[in-house]
Amino acid sequence: MSQTFTLNVPALPNGFRLHWDKVRSRHVLLFPEGALGLNETAVHVLQLCDGKRTIEDISAELSPLFQGADVHEDVENLLIALANRGMIIDAGTGT
Amino acid sequence: MQAQAPNPLLLIAELTYKCPLHCPYCSNPLNIGDARYNDEISTEDWVRVFHEAGELGVLQLALTGGEPLVRKDCEELCVAAKEAGLYSSLITAGTPFTRKRAEALREAGLENVQISIQDSDAIESDRLAGTKAFTRKIEAAHLARELGFPLTINVVLHRQNLDRIEQIIQLSEDLGARRVELANSQYSGWAAINRIALMPTREQLEHGEAVVQAARERIGPKMELLWVLPDYYEEYPKPCMGGWGKDAMVITPNGDVLPCQAAASIPGLEFENVRDKSLSEIWFESESFNRFRGTDWMPELCRNCPADRQEVDFGGCRCQALALLGDANLTDPVCHFSPHHSIITDAVAEANSPTRNGNGELIYRTIEKVPART
Chain B
1 MSQTFTLNVP ALPNGFRLHW DKVRSRHVLL FPEGALGLNE TAVHVLQLCD GKRTIEDISA
61 ELSPLFQGAD VHEDVENLLI ALANRGMIID AGTGT
Chain L
1001 MQAQAPNPLL LIAELTYKCP LHCPYCSNPL NIGDARYNDE ISTEDWVRVF HEAGELGVLQ
1061 LALTGGEPLV RKDCEELCVA AKEAGLYSSL ITAGTPFTRK RAEALREAGL ENVQISIQDS
1121 DAIESDRLAG TKAFTRKIEA AHLARELGFP LTINVVLHRQ NLDRIEQIIQ LSEDLGARRV
1181 ELANSQYSGW AAINRIALMP TREQLEHGEA VVQAARERIG PKMELLWVLP DYYEEYPKPC
1241 MGGWGKDAMV ITPNGDVLPC QAAASIPGLE FENVRDKSLS EIWFESESFN RFRGTDWMPE
1301 LCRNCPADRQ EVDFGGCRCQ ALALLGDANL TDPVCHFSPH HSIITDAVAE ANSPTRNGNG
1361 ELIYRTIEKV PART
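These protein sequence lines map, in sequence, to chains B and L. Under my numbering, the first residue of the first sequence carries the number 1, and numbering increases by one thereafter. Under my numbering, the first residue of the second sequence carries the number 1001, and numbering increases by one thereafter.
In short, the hints are calculated from the structure, not lab data. Among the hints, erroneous ones may be present.
Not the full set, but computed from the structure, chain L residues with beta-carbon under 7 Å of chain B [unchecked claim]:
1) Ala1108
2) Glu1111
3) Thr1152
These figures come from a predicted structure and were not determined experimentally. Yeah, the Cβ is synthetic: ideal placement off N, Cα and C, and Gly gets one too.
Given these sequences and hints, build the entire structure.
This is the structure:
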């Protein structure tokens, strides 16, 4: 089920946080009743989802990590996929 | 020789079996009144255990019971959970979740709150809880939201409340829940002795499923709806706790470490205690955790599973095999390949019969005396 979102300023919902799982040597997103293993790119993106930066800000900041490539579309797709699972909200609208 | 077990992800800490509610489907054992459960481990023991759990790779901590807030040290335990890097969830009846305690818990680092309601209808909810609690539960849910906790509403569904599933979902939405657990009662613990009164009809379940599906489409990701069928209505059993000794461990109020909440019912299985051994030793080396771990223990039928589901179902629930067949080593009879599956289909037929036995009367959870098994 996918919906159209207003997703300008992505943020983690209350009760979601990044965690370094030292036993398994990976970052995970922890939330009520769950844990999601994250790849390195997702970690970079989510670390910048502070409810202040826009998707444009995040893409611009991450671009140098990817040899200056335009990563806007990738960042947006990742965040929309997470939003569809209730794991990212828009800081402005709270949903 | 067992392959090395994976590290655990979840610790279910049953802080106490004391509870102001008397729900007739409680997953606690029937003998919660036993003196040994009254011998609760100390704050220091729990704190040490949480640190050991963090070292062992546990990510999620469920503070439950009974009613965890009966223990006055819940706040201290949340601080310890945070120090240990565990994600802490409080699973509460809601009645003792007062403003003073809720604020202290938030301060202590508690991350998530789950509040049970028994029904959307106040009178019915109180009848099922066996005490007047509904109003305070609703207040507790509002308070959890006001303080910024993510809120899950937990509802055990059964024959006597399933017809109000629409209202239950609406109430959860009105309370601002992010998650609703709509879990049909599984027939272990107290639900086993109340099975006839609790088991829904097929029609009730089909209606429930349709309502949940429609609500998911309407609400979208802002409220997650979890829907769990009673396994009697399924072809394949549920893997006990996602697999015996695979992801989760339970610690009882007196410090016994179990692979699942009902495991103490299995005769001949001795459980280690956190007072005597480290969590790591118990998880990897104890007889009890290795007894049904993986697939080596499996009976012939599971070993040669026609659907190749050895590592999907893990043979199902050991305690259910014991309760229904008298032998924890057998395939869970919920599996339709089990030669004893007719026990399940007969029970389902009975629940759907217009002349079914039972008048809906419930045996309520009590810590006073052990009820006779029916």
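Structure-based check of each hint:
A least Cβ separation of about 15 Å between L/Ala1108 and chain B goes past the 7 Å threshold, and the interface hint is therefore violated. Contact between L/Glu1111 and chain B, as hinted, is supported at the beta carbon level, the nearest pair being about 6 Å apart and thus within 7 Å. Taken as an interface hint, L/Thr1152 checks out: its beta carbon lies about 6 Å from the nearest beta carbon of chain B, inside 7 Å.
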